[in-house]
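Student: Put together the whole structure using the sequences plus the hints.
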Amino acid sequence: MVALAGIAHYSEWGAVGAFIVCAIAVTLLATLVGRSVEQLGDRFGPGATGVLQSALGNLPELFISIFALRAGLVDVVKAALIGSVLANLLLVLGLAFLVGGLKHGKQHLDSERTRTIAALMLLSVAAMAIPSLAHGLHTPAIAHEKALSIIVSIALIALFAASLPASLRRGNAASDPHAEAPRWPIWLAITVLTIASGLAAFVSDWFVSALEPAMDALNISPVFAGLVIVAIAGNAIENVVGVQLAAKNQSEYAFAVILNSPIQISLVLAPALVIISAVFGLTTLTLVFSPLLVACLLLSVILVTVITIDGESDWLEGAALIALYVVIAAAFWWG
Amino acid sequence: MVALAGIAHYSEWGAVGAFIVCAIAVTLLATLVGRSVEQLGDRFGPGATGVLQSALGNLPELFISIFALRAGLVDVVKAALIGSVLANLLLVLGLAFLVGGLKHGKQHLDSERTRTIAALMLLSVAAMAIPSLAHGLHTPAIAHEKALSIIVSIALIALFAASLPASLRRGNAASDPHAEAPRWPIWLAITVLTIASGLAAFVSDWFVSALEPAMDALNISPVFAGLVIVAIAGNAIENVVGVQLAAKNQSEYAFAVILNSPIQISLVLAPALVIISAVFGLTTLTLVFSPLLVACLLLSVILVTVITIDGESDWLEGAALIALYVVIAAAFWWG
Amino acid sequence: MVALAGIAHYSEWGAVGAFIVCAIAVTLLATLVGRSVEQLGDRFGPGATGVLQSALGNLPELFISIFALRAGLVDVVKAALIGSVLANLLLVLGLAFLVGGLKHGKQHLDSERTRTIAALMLLSVAAMAIPSLAHGLHTPAIAHEKALSIIVSIALIALFAASLPASLRRGNAASDPHAEAPRWPIWLAITVLTIASGLAAFVSDWFVSALEPAMDALNISPVFAGLVIVAIAGNAIENVVGVQLAAKNQSEYAFAVILNSPIQISLVLAPALVIISAVFGLTTLTLVFSPLLVACLLLSVILVTVITIDGESDWLEGAALIALYVVIAAAFWWG
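Protein chains in written order, with this note's numbering: chain X, 315 to 649; chain S, 315 to 649; chain A, 315 to 649.
Take the hints with a grain of salt, since some may be wrong.
What the hints assert, rightly or not - Computed, partial: chain A to chain X, Cβ under 10 Å:
{"id": "1", "residue": "Ala329"}
{"id": "2", "residue": "Pro605"}
{"id": "3", "residue": "Ala644"}
Hints were generated in silico from the structure; no laboratory data involved.
For clarity, every value in this text was computed on a predicted model and none was experimentally measured.
Beta carbons: idealized from backbone N, C-alpha and C, even for Gly.
Tutor: Below, the structure is given as structure tokens:
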């Protein structure tokens, strides 16, 4: 698949074909990175898995974003960051509720862990939204959005660092569902991780160069491309895993996996990109998103927290979440 | 009363008098439609009642809105849609909490059913608000608000259709409070329903033609008229029923009746009006409401869900909800 | 300390020095007023304490605000009102969760009382925000913000009056933690109250006159000064008490003390200032705050209610609340 992506990149394929091949290759490599991180984590005790996943599991998304920033596609990157959160909270969580609810009736979520994750998710996403509010609403226009974005990024990463010990401990309780997974030898895990990450970097580059011509060919706006297409491709695996867990009636674990992604995006990926773009002189990425993106983000995050904090899910809530996602995506179609 | 309304319409009564008479006649006919739907529903098992009510119970409001659209009063219709939601969520729920709380102390709402209704209400109202957000916040001004409104309307109606089977089943559990109601013969129920609906159509027409002169005479802005007066008149009966149930300490049933109305408005009435206005070439109705209406709508719906999801109500929360309604109405007085 | 503040005011101290001395003097007098109110309240039964505190405990903040309005510092007063709410909800509650959580692990908040206070806080702050929404979002610009602010103020004070009987009863249950406090003779309590209040009026005046030069000297914007500095100075004591209670694992009582302050600000202090400024012809204070202040206020109040309504707190939620406060304060730094 990677070879195919290489061929697509260097030969004279149509823009859309190359884009699709690269998207699939990125997705597969993301799975491979995920699997090897998991295997590696098992060596150091189950708690380390979560931490390693936070640090390395976002590598493919990080590569895509960096190459897109180098190509000047700031709008795509911003939309993809918000889009990943929205896709996880509305589409994937909605699918998980829908599938789980249809198969098993009402599912219960009322453990302390669920509530802690939901609360942390709500607060971290809200903090990430503050620079946009400041930019959009402050009467004397702020010329300092870059400085503010960096301050906020540092605060978010500090919060993430503070949460690591708790995640390590949390991990212990959460790791049971993985228990049956067959183990790879440690050298295999490290080798696969290194190779997959390296390939992911190359394919991400090709994916980004295929993105612009594909957008033109399909007449899709950059914001829609980032919000829907890049966001869904970049999170494909977490998504499938989350829905599968819900189908197996492990609703709490599904919920933890699905909500972990928005937390990682707002506490790690977005701030890291802001700092990397500032340090390495790429096209400057700030945390100032377009007003509609921010409004949809805050609305979704509040809705999902309120709905899940009651400790129950059913398929109709899932259907409503999916409907909301469709409506938001439609609103960005004419971006 | 209907005769009186007819006289008022065709004779030379003052604008305000005619308006008041028509408002009372519409309200009485709405009750009659509601009663006959209920009696009819009992024939087909209690679950059908809820579904029939969703389909037919909004008929008078639908007639008023269609005539108002034909008369070009788009602002009144939009304000009345939002106003119905606000009146139900703040004024009527507030009154129910206040009356129930003063009579019976803290009332409990923590059944699964309550939470499911609150979650569905929150999500459907939020989805209805997306086109307004897109219009108000999207940097490249959207010329596509009509198309977006129709897409959103279809999504909302699809969600409603998906919720019907669950409502049918829910109905079974909820129907006990009705059990003592005396039954009408089936021919009587159908006859009353037909005649009342027909009359409602006429009186709605008169109500709308009386509305504009009355607004002028009383120096009320169209938005305030729709938001407060039309909204309260159009929901008078549900309101009285909801508050009565709370006074009888059937707080969960009261809550279900009161929150069902916003759900019907956002999942059925508003989308149906958008599609009807597009199909029959009336003044175009979109789901783009004024920013202040949307802000008050989203704020209220989030507040009410948060307050009710904790599973308790007391009279002070009721008083606070009423105060919030008064404050919002005051903000629109100088519309 | 008061004498020192007097010296600082009348002598040729540097602006910043005088400001700091006055700030400390105000804080100490606020404590003294608080202590004497508490002692006085004990005479009339424990329930009266809460009511007296609502009426008199805000006296120093009221004095500062009135003098600032007389000096034309409307922006500082507005920012200080919102800032007091934000500082209590994010910084102080965050510290209480952090300290309590680190010392005692998860703390539980799920009494009826907690939820009632959170709900009342949410509704009263939301009502206070309506005039700003109306001003910022209403398409035909409102020339009536003063009238609307007064209507809203009257509604808020009416709601407060309605809540007094319940507070009196609530007070009885809540008073146990005070039980060990040694009593002052009644004449001492009244004397201390009178003298401390009188001195607070003088020192507030000096504090305000020191504020402007200090802002200039330190190059701080009026909004930041009000939002962060005046807000924290004016609530110093409640803050310390709240965090101490959390450290002693009395998390519910800490929560009640901390959330009581935003309720008092929105139901008593802000409306009283609006009415006083209108009646006594000071610089007009309306309830129209800057859009960013309102957005941060509504966001914070919704987040805190959602997070606390689940009935648990842990130190990570506390850290996230503090991070959110830092981010918001940073957003106003370049005000």
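Student: Now tell me if each hint is right for this structure.
Tutor: Against the structure, the hints come out as follows:
Interface restraint check: A/Ala329 against chain X, minimum CB-CB distance 24 Å, threshold 10 Å, status violated. Using the Cβ-Cβ criterion of 10 Å, the hint placing A/Pro605 at the interface with chain X is satisfied: the shortest such distance is roughly 4 Å. Here the hint on A/Ala644 is kept, as its CB sits about 5 Å from the closest CB of chain X, short of 10 Å.
In the structure shown, a violation is registered for the earlier hint numbered 1 alone.
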